[in-house]
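The listed protein sequences derive, respectively, from chains A and B. Read in order, the letters of the first sequence are residues 1 to 640 in this note's numbering. Read in order, the letters of the second sequence are residues 1001 to 1257 in this note's numbering.
None of these hints come from the bench; they were simulated from the model. Careful, some of the hints might be misleading.
Unchecked claim - If you want the ones that stay clear, here's a sample from chain B, every Cβ over 10 Å from chain A, calculated:
1. T1008
2. E1029
3. Q1077
4. E1100
5. K1151
6. D1211
7. H1220
8. E1224
Said to hold, decoys possible - Chain B stretches covered by chain A per the calculated footprint, using a threshold of three residues with CB under 8 Å from any CB of chain A:
9. 1067-1074
10. 1080-1093
11. 1108-1122
Please read all numbers here as calculations on a predicted model, not as lab measurements. For every residue, glycine included, the Cβ atom is placed at its ideal position computed from N, Cα and C.
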Amino acid sequence: MTVNLESKSPAGPIADKWDNYKANLKLVNPNNKRKFKVLIVGSGLAGASAAATMAELGYDVEVFTFHDSPRRAHSIAAQGGINAAKNYRGDGDSIYRLFYDTIKGGDFRSREANVYRLAQVSVNIIDQMVAQGVPFAREYGGLLDTRSFGGAQLQRTFYARGQTGQQLLLGAYQQLARQIGLGGVKLWNRVEMLDVVTVDGRAAGIVTRDLVTGEIRSHAGHAVVLATGGYGNVFFLSTNAMACNVTAAWRAHRKGAAFANPCYTQIHPTCIPQADDTQSKLTLMSESLRNDGRVWVPSAVGDERAAAQIPEGERDYYLERLYPSFGNLAPRDISSRAAKRAVDSGRGVGPLKNGVYLDFSDAINRLGKEVVKERYGNLFDMYERITGENPYDVPMRIYPASHYTMGGLWVDYELMTTVPGLYSAGEANFSDHGANRLGASALMQGLADGYFVLPYTIGNYLAPMLNQPIPGTDHPAFKAAEEEAGARFSRYLDNKGSRSPDWFHRELGKIIWTHCGMERTAEGLQTALSELPALYEEFQSDLKVTGDGQSINQTLEKAGRVDDFFQLGMLMCRDALERNESCGGHFRAEYQDEEGEAQRDDDNFAHVAAWEWTGDPMNAVRHQEELQYEVIHLAKRSYK
Amino acid sequence: MSHLENLTLTIWRQSGPDDAGHFERYRIESISDEASFLEMLDVLNERLIDEGKEAIVFDHDCREGICGTCSLMIDGQAHGPQRGTATCQLHMRKFKSGDEIIVEPWRATAFPIIKDLMVDRSPLDRIVEAGGFITAPTGGAPDANIIPVPKPVADAAMDAAECIGCGACVAACPNGAANLFTAAKVSHLNLLPQGQPERWSRVEAMVETMDEYFGSCTNHGECEAACPKSISIDVIALMHRDYRKAKFKNRKLISQI
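Only chain A is shown next, with the shape it has when bound in the complex (with noise of 0.2 Å):
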């Protein structure tokens, strides 16, 4: 099979590419809208707000959400806040700059038309945003206010408290809930996707199960939206939420969607260290912190000393001391790796050594223990419920933890996947944060795909295909596809091994986090890849699911997503072992200068890795996209 990775980059400078596909783009009249049928898989940001755009456009839309509700979406639990150029401060920023931090944020991995219209539309987001009552934090005159975040030298922040994702989507979903009220989005929850459904080659629906009576179904539709988030569950301790899966993505895949770069996964810096052997997950801290907070560690090894007890001479600022001019602020992936680099010289702190400070002390005696708090106090209450220490008196201890996935299925300029007629959005695709996300940009990215790029660029794919007839929920492949989904849950249930699914996940995710974590090794990597297929089968010989198909039951979800997670764990290791550079989130140990620092190997790897599903995560395709840079000079990253 050939794999088109044409990327449809409109022609022009770059200023213009977007204006430029926009007045080519082929339309559908109005009261045609309605005959076509968009299926949307997911309610986070980018689906919520796709399904409420499409709709009030006046396609037949049909959103399908795992969750109760589709307000549970994991884009709720983002905190810091979503970037725009909006230059409110009037401190230099522009389109052109929050494009150029982005792709220089991504270590110059990303495409450049992608970035630049992802900059243009930030400036929309905002204005919508206000538009449909998110209370984003303010000024005393009334006027919206900003901060900083990592990577960036201006303020284009813009926030709600520590809860600017839980705002944004529920603005999103409330736009959703409108059209569910007016009969425009048809909702079906506590439903999760299992299979894509192509017939000659284009996407034809979905297959999903219902989570509470076990019913397989098909559902046929004109495209189909993937925008079901990340998968940095991989790992199984991350900041995701519970029940954040791969499996639509993957099952994409299978069915002859590339996947981009798996291996650019995002470690957080400041999450809370784990305590325990019964943790389930990892807390982020919002990056905004580092506005404030200092980061450090004990100069010298094994100091036992409280926090309080250590003098200013013999703490360790290494941030500040590395990267003087970002400081606190530097990039996501410089500031872990730097932690770890930190914690495994021996000087970590904590109960466990595994963590550094993150110290309000300073802030706290400069502008008052009140504006610390006006700032961060939900987020300071959150770490005290779960650590039980009251960071107004004793510095945070944080440390990295997987947070969010750069790569994932390859998308072209259009947001459309190598299968035509099948869409990914948000987290789900690859498209514009290259090896490492900046903070703040998640956000903005999955209601740029979702407000202001999908509903322009599904129109263009849907307009030829009027009053076609598609193929129908009857069609064989929608029945072999049901099939074929019915037999394997059927089989995790039947399978009367010893061990649950969860036993599987912490085992997988020890050895994806080891060998495929913050720091990657040729030699590391070839381990996980002898040692992956092994676990593999015996998940598949071992593995015991109690409960039946017929009710709701999460042992057995758990397993289908753990399946699908090996799967992609192999792929993610090869991709790491085949890109023979350090990039962004992306650390071969192999590949660095004298300070340690990423280094990247333009002339061989200044492509995107998009690999095709032969059967065999082992044996899957790679194929490449060149990047193409016509505006950006491609130069050594450095924050300092």
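Dock chain B against chain A, hints included.
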């Protein structure tokens, strides 16, 4: 890190909506005080699977207190004993060795049980669908700074908007009323200048949809005490005020009198 020993959990098991349901007792020999309450249930579930039994079904997702998926009546209190804290953020250090803990699902007629500790909260979505939004189709929004919003107004709207939609207010209410949930959304949108054009139709539609599913508020205040975001019942007063005003302002209604 230390451990709690000898906990007894009395947990509601119900195989489906039509099953009568019953309590089952489980013993936890030892659990780290760093574990969250839900992590303790994870440990118990792993043991049940090991023993060939069906795991206890409970709703949960983000485990950061923001998605609103988790529920649980713990010793008769919605989200358990710690104030302003969702079940997923409750940690075992709040309990002590030898404790007997009773775990039940949300108790409310409007929230039928799906299985074990999982309930159906979709009537909350119906309320939002009826009017919990500002009609602002994508594309036509004016510049975000064109309407200044006084900081105290934005802050008050945000206080109300923090609601995570978990339904604890309903579960805690002796009447099974959803006034705190509904009023939080009404207040969030009705306080903002952007919410004014639909202010009266919104409150009417939301309150009347709420009344279709939920009981009536009699000012017990249990909702505020149970709310994991500590949303003040002041929002209910605002909702009532706006609802009354809306009824007066509704010309059609006046002409019928």
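query = Which of the numbered hints above does this structure break?
reply = The structure conflicts with hint 5 only, although it agrees with all the remaining ones.
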